[in-house]
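A.B. asks: The residues making up each chain are set out below.
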Amino acid sequence: MKNVAEFTIRLEQVLGADGKPSGTLPDFARDAAEVERMYRMMTLCRLFDAKAINLQRTGRLGTYAPCTGHEATHVGVGAAMRQDDVLCPVYREYGTQLWRGVTLTEILVYWGGDERGTHFAGPRQDLPWCVPIASQMPIAAGVAMAFKVRNEPRCAVAYIGDGGTSEGAFYEAMNAAGAQKLPVVFVVVNNGWAISVPVAAQTAAQTLAQKAIAAGIPGVQVDGNDVLGVRSVMESALERARSGGGPTVVEALTYRLSDHTTADDATRYRPADELEAAWLREPLLRTRRYLESMGNWDEAREKSLREDCAAQIESAVRAYQTTPKDSTDAMFDHLFATLPEALEEQKDAARRWSSVNGGVGH
Amino acid sequence: MKNVAEFTIRLEQVLGADGKPSGTLPDFARDAAEVERMYRMMTLCRLFDAKAINLQRTGRLGTYAPCTGHEATHVGVGAAMRQDDVLCPVYREYGTQLWRGVTLTEILVYWGGDERGTHFAGPRQDLPWCVPIASQMPIAAGVAMAFKVRNEPRCAVAYIGDGGTSEGAFYEAMNAAGAQKLPVVFVVVNNGWAISVPVAAQTAAQTLAQKAIAAGIPGVQVDGNDVLGVRSVMESALERARSGGGPTVVEALTYRLSDHTTADDATRYRPADELEAAWLREPLLRTRRYLESMGNWDEAREKSLREDCAAQIESAVRAYQTTPKDSTDAMFDHLFATLPEALEEQKDAARRWSSVNGGVGH
Amino acid sequence: MAKVTLVEAVNMALARALEQDQDVVLLGEDIGRNGGVFRATVGLQERFGPLRVQDSTLAEGVIAGMAVGMASQGLKPVAEIQFMGFIYPALDQIANHMARMRNRTRGRLTMPIVVRMPHGGGIHAPEHHSESLETLLCHHAGLRVICPSSPARAYGLLLAAIRDPDPVMFLEPTRLYRMSKQEVLDDGLALPLDRAFRLREGEDVTVVTWGAMTHDVLRAAEQLSLEKIGCDVIDLASLSPIDHDTVLDSVARTGRLVIVHEAARHCGVGAEVAATVAERGLHDLLAPIRRITGYDTVMPYFKLEHDYIPSVARIVDGVREAVRT
Amino acid sequence: MAKVTLVEAVNMALARALEQDQDVVLLGEDIGRNGGVFRATVGLQERFGPLRVQDSTLAEGVIAGMAVGMASQGLKPVAEIQFMGFIYPALDQIANHMARMRNRTRGRLTMPIVVRMPHGGGIHAPEHHSESLETLLCHHAGLRVICPSSPARAYGLLLAAIRDPDPVMFLEPTRLYRMSKQEVLDDGLALPLDRAFRLREGEDVTVVTWGAMTHDVLRAAEQLSLEKIGCDVIDLASLSPIDHDTVLDSVARTGRLVIVHEAARHCGVGAEVAATVAERGLHDLLAPIRRITGYDTVMPYFKLEHDYIPSVARIVDGVREAVRT
Ligand SMILES: Cc1ncc(C[n+]2csc(CCOP(=O)(O)OP(=O)(O)O)c2C)c(N)n1
Ligand SMILES: Cc1ncc(C[n+]2csc(CCOP(=O)(O)OP(=O)(O)O)c2C)c(N)n1
Ligand SMILES: [Mg+2]
Ligand SMILES: [Mg+2]
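Chains as they are written, first to last, in the working numbering: chain A, 1 to 362; chain B, 1 to 362; chain C, 1 to 325; chain D, 1 to 325.
Take these hints with a grain of salt, some might be off.
Claimed, not checked - Calculated pairs, EDC-like style, for lysine to aspartate or glutamate (alpha carbon to alpha carbon, straight line, at most 20 Å):
#1 A:K2 - B:D333
#2 A:K347 - D:D194
#3 B:K148 - C:E279
#4 A:K148 - D:D23
#5 D:K303 - B:D333
#6 A:K2 - B:E235
#7 D:K303 - B:D326
#8 B:K347 - C:E279
#9 B:K2 - A:D259
#10 B:K347 - D:D245
#11 A:K347 - D:D21
#12 C:K303 - A:E235
#13 A:K2 - B:D326
#14 D:K303 - B:D18
#15 A:K347 - C:D317
#16 B:K2 - A:E235
#17 B:K2 - A:D18
#18 D:K228 - D:E321
#19 B:K347 - C:D317
#20 A:K347 - D:D243
#21 A:K148 - D:D21
#22 A:K51 - A:D308
Hints are computed from structural coordinates only; laboratory data are not their basis.
Make the full structure from the sequences, and use the hints.
C.D. replies: So this is what it looks like as structure tokens:
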């Protein structure tokens with residue numbers, strides 16, 4: 001037998017769990033204001049998560065997918081992207097979305113059961129949340145294809161979870177993007193679990209980054225709790241994509257510190273000690289330690305940051321809670337550019353019955 | 001960055017294009033009778049192909065997918081399998097099917113537009129031809145799962161083409177088979193083309209064997225025009241699967257020497273010189289040369305083999321052509337174990353209209 | 001006799017099938033350790049082991065395809081699709097193989113498969129978790145499509161589905177999963193797979209429905225009885241094939257037909273019921289047929305879902321109109 | 001004015017759209033160098049280059065998903081699925097994204113997409129190459145579904161579909177691709193997307209059909225005219241939404257309705273036509289509605305396909321019965 005191809009998968013980490021540099025620091029990591037900006041957003045995400053879970057528990061929000069534990073990945077990716085790049089999210093990457101201009105209120109309106117949450121006043125071209133697992137992947141390839149057709153220096157970024165990598169759509173999209181050299185970066189957020197299924201039961205692959213090899217494109221692992229590492233790896237991948245080098249797969253190694261969603265109870269299936277150990281690697285504290293080591297952070301600033309976040313969150317919750325229910329017309333008005341005549345009657349009926357029902361049939 | 005995983009893809013070849021050994025000969029390759037058996041089947045396939053194409057051209061067969069060029073792969077795989085293994089074919093792997101007991105008549109009946117061709121009097125558990133590309137892959141994983149559940153030392157073998165590897169189902173199945181360590185071997189027949197699309201446009205992967213890395217399972221290339229190499233690589237992969245080692249991907253490098261099907265005209269898209277060059281690597285001649293070098297073959301034997309094949313083919317064509325059209329009842333009788341009452345009326349109508357139409361509505 | 005919810009009845013039937021028949025194998029996402037996101041399979045992996053109750057990789061195409069492969073070798077897979085909205089990646093296998101294998105091989109390979117899936121809305125779930133897509137399955141010959149409307153019918157029909165030698169799509173209405181309890185005897189007795197159930201007798205109008213809507217129809221019928229309007233309520237239960245005779249018999253008596261379903265109206269299963277009556281029972285009809293259905297819009301996210309799902313008031317009104325004309 | 005086949009008319013419309021609008025991009029399997037397995041895109045890659053006319057990887061999910069992504073950024077993709085039987089891997093994208101994106105984002109991202117696909121049987125093709133699955137698409141709100149029945153209508157409707165700001169599923173009947181030629185002016189004029197076409201006037205019975213069956217229906221009508229039975233033949237052309245008014249107007253005059261389609265009967269689009277007439281036009285009906293359709297079996301492999309597809313004789317007989325009762 002003769003060797004015909006060889007591949008290596010590498011792991012990047014810039015900031016260790018102790019908040020000390022463990023690799024070569026990228027330039028932005030020496031800019032304290034920039035690091036602070038990321039830390040502030042990570043903190044906002046953490047606090048928002050707690051509030052959203054609380055709203056759900058008290059009957060004021062629908063099922064919600066928390067992001068606790070993923071903040072470094074989400075913010076690192078957001079910070080690496082340009083504003084005119086396009087994000088194709090799954091459902092819990094608030095850090096990236098907030099960075100790009102999605103509002104806390106939009107997030108709440110969405111999980112409050114209202115499509116208007118996806119109207120995104122900020123990043124107008126970003127895709128909305130995507131519930132059918134992995135289906136965002138071919139879409140991201142298409143977004144990238146649009147940039148290629150129009151010869152624009154823009155990139156698509158698609159998220160997918162460890163569980164999502166089991167769906168064919170993940171691979172189909174990687175493969176097509178590779179074959180057509182599309183400007184897209186696929187971020188695999190390996191948070192250890194897909195609801196109750198651990199990664200080891202999801203695939204025999206020892207890394208998820210190596211799935212890129214199937215498509216003939218580069219795959220790289222990064223410590224997903226290291227916001228500096230994530231941003232740095234993403235910047236390289238985006239640069240490569242933007243300059244015509246084609247797609248990259250970035251596997252961010254992190255951990256879902258919460259239940260899958262508020263409808264889930266992870267204690268049923270997840271060992272308590274695994275969760276405990278994961279908390280020791282969580283992303284916020286190490287970023288704070290690093291900021292402190294730059295002489296740029298202290299207890300007072302932390303306190304004031306938390307107050308800022310709380311205020312922002314409160315105001316978003318207020319805006320959410322005062323958003324009146326959408327009218328049934330909306331179900332029809334956004335179905336087509338122009339409602340087919342045949343549906344006018346249904347639109348009228350829906351409006352009529354809505355007022356009779358008062359919204360509940362049961 | 002640190003290295004976390006490394007992979008190598010290797011290529012096996014035992015018999016060179018010149019018919020001389022180019023690698024370590026497996027034991028069966030020293031058994032002239034065994035090699036002759038394979039050569040005879042390869043020859044039968046080649047001659048049958050010509051006949052089937054001719055039947056189609058003269059209006060006596062429907063669209064037919066030729067196998068010319070693939071004989072070594074197909075026969076090598078067949079010879080490596082045990083009779084109680086299960087084959088999940090695509091549509092042109094007659095060499096494997098014939099080896100396993102599918103008859104020439106069944107193949108003709110099938111391409112003659114009649115489901116009865118899949119009734120397989122021989123390999124009762126084999127799957128029928130599978131037209132929806134890549135959909136045989138998850139089925140093969142399921143066949144293997146049945147063996148695992150019942151703890152039987154049997155394997156599933158699934159074929160897929162180079163084009164087929166672009167479908168998500170290919171990868172989903174590999175991944176699931178890897179995660180669940182199923183006894184299945186996936187044979188990727190890389191014949192260079194998927195209808196009009198060359199492999200290089202189908203994927204950026206430099207080999208198709210490396211697609212296995214995505215699933216965390218072994219992938220290996222073999223010269224698909226080398227029947228000894230194919231059989232040898234398949235025997236190892238099957239042995240591994242049978243003993244609980246899990247799935248393997250085998251990429252057989254061969255070439256589609258024909259049009260895609262009789263409905264296709266490859267001259268529209270395929271460079272003539274590529275085809276010419278491929279003929280120099282075709283599988284029959286080298287096997288014959290090898291047999292000759294074993295002192296086991298000469299012109300007379302060749303001639304008598306060809307006569308044997310022609311006789312077999314003729315008798316199959318006769319059986320095919322004297323097979324009366326199936327009755328419309330068959331459409332209903334095999335829909336469910338017991339036809340739902342609601343369909344009795346339709347069954348009667350179909351029977352009635354069939355005699356009125358005389359089979360043609362246009 | 002235990003009082004159980006619909007999801008508990010499903011669990012009981014699955015346990016019994018696993019116990020009685022070694023060939024029965026369950027597979028699906030999160031059905032093992034976690035017991036299913038609705039707890040339909042709770043305790044089963046513990047009891048029958050990880051090969052009989054398998055956590056699948058996250059790929060509906062694999063779940064369905066693996067079921068096809070297992071069935072082809074004689075097993076009786078019972079697959080779960082986590083929500084009906086996620087059936088799409090499984091449709092290639094369901095339509096092109098499961099529904100056709102027996103026919104394509106002229107009876108050589110058969111598909112004794114059940115595909116279970118939560119169906120419909122009304123539980124304030126995320127997007128894509130509330131779909132009613134029975135039409136997509138019903139249009140494929142070779143499949144049976146069943147939708148139970150009570151714990152007892154879920155138990156008896158699921159056992160029948162598992163024992164049936166052909167593929168059965170088993171739609172479990174999410175809003176009934178825990179709606180109410182009913183005494184269900186775990187006696188292993190199956191119900192017939194292609195019979196509709198007459199749930200209430202009435203002489204004025206036939207109301208055909210299935211699944212979760214059954215309960216709203218019964219409530220509407222109760223209200224209408226106060227106005228002396230008698231509803232003959234038929235729970236189709238089997239959406240393919242449909243027990244048209246039961247519907248036609250009823251319409252022959254009442255002369256009026258109202259069909260209620262949650263799925264979108266355009267090409268919904270209600271159209272098939274209406275069309276068949278317009279063919280075979282036209283002369284019995286004293287008034288136009290009415291369909292009270294979900295609208296021809298996307299199933300809305302939960303804030304508007306109760307504006308989409310036909311309400312009791314809408315049903316009452318529709319039936320009243322049918323009777324008045 | 002050139003006499004062209006239906007497939008040539010499709011090619012003409014595609015060429016014109018590519019020429020007129022830089023945002024139009026074609027994608028699909030074998031559509032480039034090879035010009036499509038039916039030659040619908042022949043010459044277009046040569047003329048417009050490989051970025052405007054793209055050979056896709058062999059993955060229908062990618063073709064549909066890429067179309068969604070491209071459309072979200074303002075392009076107007078025209079995707080080809082090689083045969084309708086291979087639509088399944090694309091359905092997740094079509095149903096969950098293409099049909100819903102405008103609604104889900106409340107108008108922010110729109111889906112000006114056309115998905116073209118050969119439809120139906122009768123050309124002696126391999127298994128899975130002859131399916132009529134319009135119901136699967138029609139049941140999804142947010143999609144338009146079009147099926148032309150002549151070269152001129154294919155040209156005008158395809159142009160309309162490409163210019164429409166919403167997703168249009170465009171079903172091209174394979175047995176019409178080369179059946180006959182018709183003069184088609186390449187004038188860039190589109191036809192309205194949601195109007196049925198009345199192809200023949202008659203006073204005795206309304207016959208509703210679409211796609212390839214239109215020709216068999218017209219032939220049947222011709223035969224029936226010899227028996228003094230006048231058929232009002234309506235080619236629906238748009239299967240979602242349906243131009244019910246045209247059907248109802250006709251039934252109001254004829255009092256009789258026969259629906260002819262190739263797809264399976266159970267939950268076929270014919271059921272929707274029948275149901276709507278039984279709701280809105282019941283009192284006009286002098287006789288039971290009749291559906292003459294493919295059977296509720298798997299579409300057979302080609303030896304039996306002409307026993308499956310309604311024949312002219314079967315149509316003649318069905319219409320005759322409708323008129324006699
Ligand atoms: C096609 C599809 N199948 C099933 C589901 C139900 N489901 C929602 S989230 C989830 C697990 C996803 O896990 P992963 O991809 O690891 O993402 P994570 O939630 O961990 O971020 C499943 C099975 C779905 N949403 N879509
Ligand atoms: C799902 C699906 N899409 C498209 C087709 C049409 N089609 C038939 S064969 C083929 C190319 C297959 O190429 P490859 O996998 O390389 O196999 P080969 O024919 O070369 O053996 C295509 C696109 C199909 N049969 N199924
Ligand atoms: Mg995960
Ligand atoms: Mg090929």
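A.B. asks: Let me make sure I understand: some of the numbered hints might not hold for this structure. Which ones are they, in numerical order?
C.D. replies: Those not satisfied are hints 1, 3, 9, 10, 11, 12, 13, 14 and 19.
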